[in-house]
Amino acid sequence: MINVAVTNKILLKISTALVSILGSLILVFFIIYLLPGDPVLSMLDPATATPEMVENLRKELGLNQPLYVQFTEYFTNVLHGDFGQSLVNSEPVLPKILEHFPATLALTIASAVLSVGIGVTFGVLSAIYRNKWIDFIARLIGLFGISMPTFWSGILLILIFSIYLNWFPAMGSDGWVTLVLPSLSLGFVGAGLIIRMVRNSMLEVINEQFIITLRAKGLSERVVMYRHALRNALIPAITIIGLNIGELMAGTVVIETVFSRQGIGRIVADAIMAKDLPVIQGVVFFSAIVYVIVNFLVDISYSIIDPRVRKSN
Amino acid sequence: MAVLLLLSGCANSTSTKSNSDETNEKVNSQPKHGGELTYALATSPDSLDPHRSGLAVAVRAFRTIFDSLVVQEPDNSIKPWLATEWTVSEDGKSYTFKLRQDVTFHDGTPFNADAVKYSFDRIINPKTQARNSVALLRPYESSEVLDEYTIKINLSTPSAAFLSNLSQAMLGIVSPSAAEKYGDQFGKNPVGTGPYKFVSWTENADIVVEKNNDYQWGPSIVENKAAPYLDKITFKIIPEEATRIGSVQSGQVLAAETVPPQNIVSLKGDPKNQLLQVNTIGLPYTLFFNQRKEPWNDVRARKAVQLAVDVDAIVKTLYLNTYSRAWSPLTPGILGYDKSLENSNSVDLEKANKLLDELGYVKGEDGIRAKDGKKLTLNYVDGTPNREKRNDIAVIIQQQLKKIGIKVEINITKDIASVVQKNADYDLYGNSQVNSDPNSLRAFYHTTTPQEEAIIKRLGGGSDPELDQLLEEGTVESDPAKRADIYQKVQQKIIDEAWIIPIYVFPYTVAATKSVNGIKFDPLGYPLFNDVTIK
Chain A
0 MINVAVTNKI LLKISTALVS ILGSLILVFF IIYLLPGDPV LSMLDPATAT
50 PEMVENLRKE LGLNQPLYVQ FTEYFTNVLH GDFGQSLVNS EPVLPKILEH
100 FPATLALTIA SAVLSVGIGV TFGVLSAIYR NKWIDFIARL IGLFGISMPT
150 FWSGILLILI FSIYLNWFPA MGSDGWVTLV LPSLSLGFVG AGLIIRMVRN
200 SMLEVINEQF IITLRAKGLS ERVVMYRHAL RNALIPAITI IGLNIGELMA
250 GTVVIETVFS RQGIGRIVAD AIMAKDLPVI QGVVFFSAIV YVIVNFLVDI
300 SYSIIDPRVR KSN
Chain B
0 MAVLLLLSGC ANSTSTKSNS DETNEKVNSQ PKHGGELTYA LATSPDSLDP
50 HRSGLAVAVR AFRTIFDSLV VQEPDNSIKP WLATEWTVSE DGKSYTFKLR
100 QDVTFHDGTP FNADAVKYSF DRIINPKTQA RNSVALLRPY ESSEVLDEYT
150 IKINLSTPSA AFLSNLSQAM LGIVSPSAAE KYGDQFGKNP VGTGPYKFVS
200 WTENADIVVE KNNDYQWGPS IVENKAAPYL DKITFKIIPE EATRIGSVQS
250 GQVLAAETVP PQNIVSLKGD PKNQLLQVNT IGLPYTLFFN QRKEPWNDVR
300 ARKAVQLAVD VDAIVKTLYL NTYSRAWSPL TPGILGYDKS LENSNSVDLE
350 KANKLLDELG YVKGEDGIRA KDGKKLTLNY VDGTPNREKR NDIAVIIQQQ
400 LKKIGIKVEI NITKDIASVV QKNADYDLYG NSQVNSDPNS LRAFYHTTTP
450 QEEAIIKRLG GGSDPELDQL LEEGTVESDP AKRADIYQKV QQKIIDEAWI
500 IPIYVFPYTV AATKSVNGIK FDPLGYPLFN DVTIK
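Chains A and B, in that order, give the protein sequences.
The first sequence runs 0 to 312 under numbering that gives the first Met the number 0.
The second sequence runs 0 to 534 under numbering that gives the first Met the number 0.
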């Protein structure tokens, strides 16, 4: 019975995921038409462009064809794994994204690990030692994490750890040393949220009946806190962590630029500067797919970890 | 006698000593060979194909790989480079170049008239999707190979800017065999005849070039005509300015371009680092009035604004005196720049107020002028908010124009394509351009036809038959002195009739550690690495 329910649920999730991916594909295609301004005009230099050049570029982009033709073509191409070519240097878009994705993935994972590590540790400590000095430090870190923009904390980290102390390189993407500063500044944002989340749910759990019962049974405070309270408090945190991975991916656009790292965030930032539409569309669509997949995995793991969710279906 | 001997001995010995000192010094002053220069670029190049690139930052990298037919000296005269000499036909429509015979491309392809013809035909071929190079090459029509090392280039109309344009890196000569082999991926595999050979390009990380040992044909603007001293150059791509400048200060790179004003000031007193600064030439950062709209079609309204905007204050406040103020539609250093315009204009609020009174605009209770119930507002559009504090210029001007009763509405938008180019929905908008020839004024100040206007609205949109005629004469006049005269008239007319407000000349700045020597700049402000050594 339970197995059938879980399978049904997974199937439902898969179809929702597919619909989301299709939706984002349609949205990405219509970016050109939703944005104000003529993409062709914005790609050319007004001082040197001639009407003839404008027409040539329009033809080259296929923008002179009816909308449904353009969309069918784009759709079939994407199904074949062809995301088009960069307008700037004629490079195919998908291989370019795949080449740069590992760097973004490494940064995202490192930041996620840091934010979970810092977030859960300080969240738990601040709940257990409520209103003690460690609680204040944890809440301060949480506040900083949430309110500091990543580009600012990034530059601050560079100033301190790269220029003054010379401990870590300020830029580049070769090796784990170059991951430290960027994943710290990105991880702090997530850490801030997780600290608050874990602290609040820990405090809630601590006051629940079953904890009092456990204490009454004579279990040590350590076992009560870490084996029972924390486990229950982590469930809402997992949702936040899942959502956070999407945020982290978006954050890489800024962080990869600040730290001169390679990655798809940099690609899209450069493509926006150069008005390179196929690349922008490609990266946005690719990120949408990754985001949908991550959320799918979080949903699944969520229902596996928490028996209440499993049964509620 | 003994004394004499002794004296002469002494004399001899001292002279020998000073001789050996000299040789020592000579040995010491011999440039040190070897080493690697790391040079941080502010943005990613789009392509290393000189014919397809549209970005100045790309030129900084591929100028090391490609040579041009001619070179422009700082005094704007044109000197030989890959071409040894040339003649121009009577009608100014064909150029015959004799080429160097000792040049080979990095891939071993011999350099000859065929290669030149191939390069230029490639630019005008729509398949190449050339961007800026095609505008520079115009009015190119065809090339004829007269013999292996002689080529005749035909233009459709005479162009006095043609030779100067040929000196630009975007018209550099590419290896025909490599261009054929790599097709539209030539930009990732560039092959030229330059002092450095392309090694690798890791996107968003770095571009590496290495010394071309066979190089013997350096242009007259560098001292070292032979192979460069450096083994290689790594151009690192570091967009964030704090990271870029920080990387020089912490020694992770040896040089970095585009230094923000506050760092310029601090680097000037830095014992470990040096600051190199060169003004770019072309059109300075200029605010253009939209003369299609009232009241800016009236010279008095434009003049009033021109008299009320305190450009000195803007440049001093925002750029801490590290940028120089612009006075003309052209920058200093370009052919025909009119120095007499400098200090010709000063702030005069009284006169500005009088002009607006004349136009019938009366100050209301709120201090803003109005006419027929309509307030005098100026729609200031800016499309590059993060660049060189340009949005702050708008804010200062807003304050300054308040004093004469003009309300400035600042509209910061990324969508210049529709706001400015398509709808011309602005009163004041700023732009700048790097260019080696005053003919670049034509694209901005010559009257446009209704057909051209229908597709792209050029900046300003003013129309003046006399100015049109001068700009047309300037394009074809072959005598530099006469050309300079023509362009001086053009500049005076544009300023007298207040078509624009010139703001600042953009300096190209490089921060480098003191161990780097010999970075030079061409007249456009692009760095040259032929003479660079590292201590």
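Everything labelled a hint here was simulated from the structure, so no lab data went into it.
Among the hints, a few may not be true.
[Unchecked claim] Computed from the model, here is a short list of chain B residues facing chain A with C-beta under 10 angstroms:
| no. | residue |
| --- | --- |
| 1 | 39 |
| 2 | 54 |
| 3 | 187 |
| 4 | 241 |
| 5 | 245 |
| 6 | 266 |
| 7 | 270 |
| 8 | 271 |
| 9 | 274 |
| 10 | 275 |
| 11 | 276 |
| 12 | 397 |
| 13 | 410 |
| 14 | 416 |
| 15 | 446 |
| 16 | 513 |
Note that the Cβ used here is the ideal one computed from N, Cα and C, for glycine as well.
Hint check:
no. : hint : in the structure
1   : 39   : holds, 8 angstroms
2   : 54   : holds, 8 angstroms
3   : 187  : holds, 7 angstroms
4   : 241  : holds, 5 angstroms
5   : 245  : holds, 5 angstroms
6   : 266  : violated, 14 angstroms
7   : 270  : violated, 16 angstroms
8   : 271  : violated, 12 angstroms
9   : 274  : violated, 17 angstroms
10  : 275  : violated, 21 angstroms
11  : 276  : violated, 22 angstroms
12  : 397  : violated, 24 angstroms
13  : 410  : violated, 13 angstroms
14  : 416  : holds, 3 angstroms
15  : 446  : violated, 15 angstroms
16  : 513  : violated, 17 angstroms
When each numbered hint is compared with the structure, violations occur for hints 6, 7, 8, 9, 10, 11, 12, 13, 15, 16.
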